[in-house]
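J.: In terms of our numbering, the sequence shown opens at residue 7 and continues consecutively.
Honestly, I wouldn't trust all of these hints.
Cβ-Cβ distance ranges computed for the label pairs, FRET-style [what the hints assert, rightly or not]: (1) Leu218 with Ile121: 25 to 31 Å; (2) Leu194 with Lys243: 22 to 28 Å; (3) Lys247 with Ile284: 26 to 32 Å.
Because the hints were derived from the structure by calculation, they are not lab data.
Just so you know, even glycine gets a beta-carbon here, dropped at the ideal spot from N, CA and C.
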Amino acid sequence: MSFESPIIDKLVRSDSEALGEELLSITQQDNIRFFEKCVNRRWGLGQNIVLSWCRVPSAIQLLMVPHYFLGNFSARSNCEIISDHPVNELVVKLISGNRELTLSELTSYGRLLNIDPTEIKLPTPLHYTPLSKSIIEQIIRRYSVNYVESRAVVLFDIAGFGKLQPFEQMSQLNSLAYSLNSAHKKLLSRKINIHFARSTTGDGFYVWNRSLDIFANVNLFHFLHLVLADNAIAQSKSSGKVTPKIKAAYHIGSHYEFHQAEGINPSYYSYIVGNVTIQLARMLDQTKAGQIVFGDFRCGFPTSCNEDAYLVEKDTIGFIERSAKYLNDLVGIRMSGGVITKVRCYLTGEQSPAAGRRKTCIRVVDKHDQICHAYNARIQIYRHNADSITMGLEDNHIPRETKSYIRETSY
Numbered sequence: 007m008s009f010e011s012p013i014i015d016k017l018v019r020s021d022s023e024a025l026g027e028e029l030l031s032i033t034q035q036d037n038i039r040f041f042e043k044c045v046n047r048r049w050g051l052g053q054n055i056v057l058s059w060c061r062v063p064s065a066i067q068l069l070m071v072p073h074y075f076l077g078n079f080s081a082r083s084n085c086e087i088i089s090d091h092p093v094n095e096l097v098v099k100l101i102s103g104n105r106e107l108t109l110s111e112l113t114s115y116g117r118l119l120n121i122d123p124t125e126i127k128l129p130t131p132l133h134y135t136p137l138s139k140s141i142i143e144q145i146i147r148r149y150s151v152n153y154v155e156s157r158a159v160v161l162f163d164i165a166g167f168g169k170l171q172p173f174e175q176m177s178q179l180n181s182l183a184y185s186l187n188s189a190h191k192k193l194l195s196r197k198i199n200i201h202f203a204r205s206t207t208g209d210g211f212y213v214w215n216r217s218l219d220i221f222a223n224v225n226l227f228h229f230l231h232l233v234l235a236d237n238a239i240a241q242s243k244s245s246g247k248v249t250p251k252i253k254a255a256y257h258i259g260s261h262y263e264f265h266q267a268e269g270i271n272p273s274y275y276s277y278i279v280g281n282v283t284i285q286l287a288r289m290l291d292q293t294k295a296g297q298i299v300f301g302d303f304r305c306g307f308p309t310s311c312n313e314d315a316y317l318v319e320k321d322t323i324g325f326i327e328r329s330a331k332y333l334n335d336l337v338g339i340r341m342s343g344g345v346i347t348k349v350r351c352y353l354t355g356e357q358s359p360a361a362g363r364r365k366t367c368i369r370v371v372d373k374h375d376q377i378c379h380a381y382n383a384r385i386q387i388y389r390h391n392a393d394s395i396t397m398g399l400e401d402n403h404i405p406r407e408t409k410s411y412i413r414e415t416s417y
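Work the whole structure out from these sequences, hints included.
T.: This is the structure:
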């Protein structure tokens, strides 16, 4: 018996390409389609969500709860301890990272939460490979809420969007969407691993990298450069108001990810909300068209490209300085007839007497009187047989009352 599922078909193709594996057999694909239909039926248009799953012979067991369960559970006293974890930490742990548990783990959590596992018997035994496990994980995430502790997200915002006519708004959103797709294709052509996702804000997009490898944040940093460059080239060639003037912000932080219902299924595209999106919106609240800003964050940065690389903690300034060293990965990419020969990204500031620059830290106060800090950035892309591209605002274009200077450093 064959089961139709366009979503599973997309996942099978995309994950097969990403993992470099052959497609699953028709029998195994039908197995996963059957599983997805069973989960969909129990999901009930968002009435329930999946927490975790585990393999059992010829079946998959799930922990499923009503959508309000996590809110009610986490609202209990934070000092209450369950299984050596404060209540809110336990909730976050259940919706973070890999959702597969062992049978004993799933049974233990079921007892702690007073939930009876749900078992879905499969038509035939499922062969567990990296590809099949990846697809099962993504199915679980589509029918759940997911927490990510630290991830880079970029916000591209169209300046003056509300003053445009409807046709101009449509044209500019379409132009920005094309720049995103073009940048993605160019990175993939250089074997730079980015599995990008986007969520519209109405006048722009949040963009993040679904990849979980240690260079995921650096690769999104590369993505930012190519999107801005493509947009700048389009602006130089277009007339009227078909190409947007954008401002961009890059930040790393935590967020929740979820899929809204479209008709009777979760949407293929996900949505994010959390600390990182809140900070991005605040950062761009008072920035100008063409400005590029980076948030005030700390994150792990890989020590090298080797297999034994590990993460060391860096602040925003350290992240930019280290990421800039990998911008040579973009050399050789063709952009509108010119081939990239050099890329430079730096945080602006003023020259100090100690032979270096002090980075400009911008103090942003939003309409709710909430304060956040950001760093102003400039990007330069040089091309063979074509004009160079310069993006971002000079330091002297930033209102002096919002600026302070920190940390003397040299490039």
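J.: State, for the Cβ atoms of Leu194 and Lys243, whether the hinted interval 22 to 28 Å holds or is violated.
T.: The hint (22 to 28 Å, Cβ to Cβ) holds, given that Leu194 and Lys243 are roughly 24 Å apart.
J.: Assuming the hint says 26 to 32 Å, is it satisfied by the Cβ distance from Lys247 to Ile284 or not?
T.: holds (30 Å)
J.: Kindly confirm whether 25 to 31 Å is satisfied by the beta carbon distance between Leu218 and Ile121.
T.: holds (27 Å)
Going down the numbered hints, you'll see the structure goes against none, and every one checks out.
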